[in-house]
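One letter stands for each residue in the lines below.
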Amino acid sequence: MLGEGIIQGMAETARNFVGSYVTKDRLTTVQYPEERLPQKEAARNFPFLVYDGNDPHAGLRCVACQICEKECPPQCIYITKSKDKKPDYIGKTQLYPAVFDIDTSVCMSCQICVEVCPFEAIKMDTEFELSTADRFGDLLQRKEQLAKPNEYYHQIHPTEASEVDARLAAEKAKAEAKAKADAEAKAKSAAEAKAKAAAAHLTAQPASAPAMPK
Amino acid sequence: MVETIDQIFVTVKHLLVGIVPVQCQRIVSASISAVGIIIFFASLFAITTVLERKGLGRIQNRYGPNRVGPFGLLQPLADGLKALIKEDIVPRAADKVVHFLAPLVLVAPVFLALAVVPLGRNMVAVDIDAGVLFFFAVGAATELSVFMAGWSSRNKYSLLGAMRAIGQMISYEVPLILSAVTVIMMAGSLSTVRIVEAQAGYSAGLPHWFVLTPWGLAGFILFMIAATAESNRSPFDLPEGESEIIAGYYIEYSGFKFALFFLGEYIGIFAVSGLAITLFLGGWHAPFSFLTWVPSYIWFFTKLLVLIAGFIWVRGTLPRLRMDQLMNFAWKFMLPMALINILTAGVWHFMPHGFARWIVCSLLVLGPYVTLGSVLMVNQKLGKRTYRYAD
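Residue numbers (our numbering), protein chains in the order written: chain V, 1 to 214; chain F, 1 to 391.
Read the hints as simulated data drawn from the structure, not as lab findings. Accuracy of the hints is not assured; some may be wrong.
Stated by the list, open to error - If you anchor each label on the Cβ, the simulated ranges turn out as follows:
#, chain 1, residue 1, chain 2, residue 2, range
1, F, V97, V, R26, 49 to 59 Å
2, F, P319, V, E129, 31 to 41 Å
3, V, V30, F, V68, 18 to 28 Å
4, F, S243, V, A166, 47 to 57 Å
5, F, I246, V, K81, 48 to 58 Å
6, F, S243, V, V30, 53 to 63 Å
7, V, G5, F, G69, 31 to 41 Å
8, V, G19, F, P319, 18 to 28 Å
9, V, R26, F, A42, 28 to 38 Å
10, V, L27, F, P352, 52 to 62 Å
11, F, P319, V, L27, 17 to 27 Å
12, V, R26, F, F100, 41 to 51 Å
13, F, I246, V, A166, 52 to 62 Å
To be verified - Here are a few chain F residues that sit away from chain V, every Cβ distance over 10 Å (derived from the structure):
#, residue
14, I8
15, R26
16, I59
17, P70
18, L81
19, A94
20, V105
21, W331
22, I342
23, G367
24, M377
These numbers were taken from a predicted model, which means no experiment stands behind them. Ideal placement from N, C-alpha and C gives every residue a C-beta, glycine not left out.
Construct the entire structure; sequences and hints are all you get.
Below you can see the structure in the form of structure tokens.
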């Protein structure tokens, strides 16, 4: 009969209207500033710099190799190399960035800088509330704002951060083992050389005598 | 005491009018009524916008606006401020004078229409003998405004919207007035105050409202459908048609002119709901004899809110009609039903009181409804759309 569908529809909307006051599950709205959904682990937006330990300067993993600067498609990274050097996480002395700026208004969140970084120094952040009153100054992030501790990285991307830590630890162990082996080898060869030299000294003593007049 | 509260606005007005000299009493009296109506209905408009948005939200399982003030109730304030401080853009090619006048031409008649609606006992701004006629006459002026807006904007979507509005409003004006004619026949008067008086009294606790008769119920439903179409509300919002012609005739309006259109539309709804209350729902009369101590204007206001809630409910439920469905519905269903309803009202008037006239009149209304409905459904003019190729 004419109008049946209308009655059915009206009943449906009435059910929705009343139901939204009775069952909370019906309301799927997340009231954002007060309520938040947990971030997905793979979430990313802008890059940040990781540092180990407590000192952002001493622990900064970045060695100012400028690969990310060159690879960045929209060219939002600006790096100046330091004049002096500081030890990196392995203990090797390396350069460090005197200036490291990322213009977040230019960044397109492509993650290429993260892909190319050989030092696990630059990672993607999940911080998205970046609104500022000054679109030029405040969106250009300096080294001080970009440097964030490794603990923070663990907090936002736990799986990835653990992998990175394991890799770095393995590298460090390898480097240490190599250094140790090198040192041992060096010591050994030095000792050998010393022994050799001593032996040579002993044996060569007479032979050298004829050369003396020359 | 009850009498005093009921007549408080009337008494205050008489006191105020008594202060001024006799020569200007009439104009002061009219001005006080006008100011009262404008302030009351403009604030009701503000409340309705936020309630509508919240109601629609709940119908769609959302919260609706809840940020400005407690429960978002100050939202209209923020909306009004926004509309006021927005840039007022007039298209370069627009007819500037007409473009400027259109919103005013919309707002003025809808407020004028409210002047003849009795808001309570002795609370009518002007009691003219041809009140209902006056209402429909000024109500028709909104069509002029809509076309002025659409034409002067020099925008094809505007013009399309205006054309649709004209087609729709003229088509639905006919059943609107014809369904009101039954009440005028039965009350024997065009005066809104007389019509309300004709619905006074109670038998067995129930009021003598016209809606509680077969022809009155049918008339009321027809009237409300036609009123929805007249006020361009969903499901008859083709003139606006956000998804088709962006906003129809007020596409080129911004800032406060847009707000005025919005205001005009809502005041139009209040006015036509007020007339529906006057004609069918017993005006300011209480629904039960034991509730007559509640002030009359509260009853009018409650009925108005119920009708507005109905409008919101319908808007939240029904999708927009197609143009051919709209026209078929007006001319092939609404018009015959309204004419049959007039006949039914005549039969009701001339049959002796009793059970028999209830049965005869109910059949007279229901029979055509079922036959007309099924015939139109079968002929696929109103029913579900079927596709010849795509399915």
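Against the structure, the hints come out as follows:
no.	hint	in the structure
1	V97(F) x R26(V): 49 to 59 Å	holds, 51 Å
2	P319(F) x E129(V): 31 to 41 Å	holds, 38 Å
3	V30(V) x V68(F): 18 to 28 Å	holds, 19 Å
4	S243(F) x A166(V): 47 to 57 Å	holds, 55 Å
5	I246(F) x K81(V): 48 to 58 Å	holds, 56 Å
6	S243(F) x V30(V): 53 to 63 Å	violated, 27 Å
7	G5(V) x G69(F): 31 to 41 Å	holds, 39 Å
8	G19(V) x P319(F): 18 to 28 Å	holds, 21 Å
9	R26(V) x A42(F): 28 to 38 Å	holds, 34 Å
10	L27(V) x P352(F): 52 to 62 Å	holds, 56 Å
11	P319(F) x L27(V): 17 to 27 Å	holds, 23 Å
12	R26(V) x F100(F): 41 to 51 Å	holds, 46 Å
13	I246(F) x A166(V): 52 to 62 Å	holds, 57 Å
14	I8	holds, 35 Å
15	R26	holds, 47 Å
16	I59	violated, 5 Å
17	P70	holds, 15 Å
18	L81	holds, 22 Å
19	A94	holds, 35 Å
20	V105	holds, 34 Å
21	W331	holds, 15 Å
22	I342	holds, 20 Å
23	G367	holds, 13 Å
24	M377	violated, 6 Å
Of the numbered hints listed earlier, those contradicted by the structure are 6, 16 and 24.
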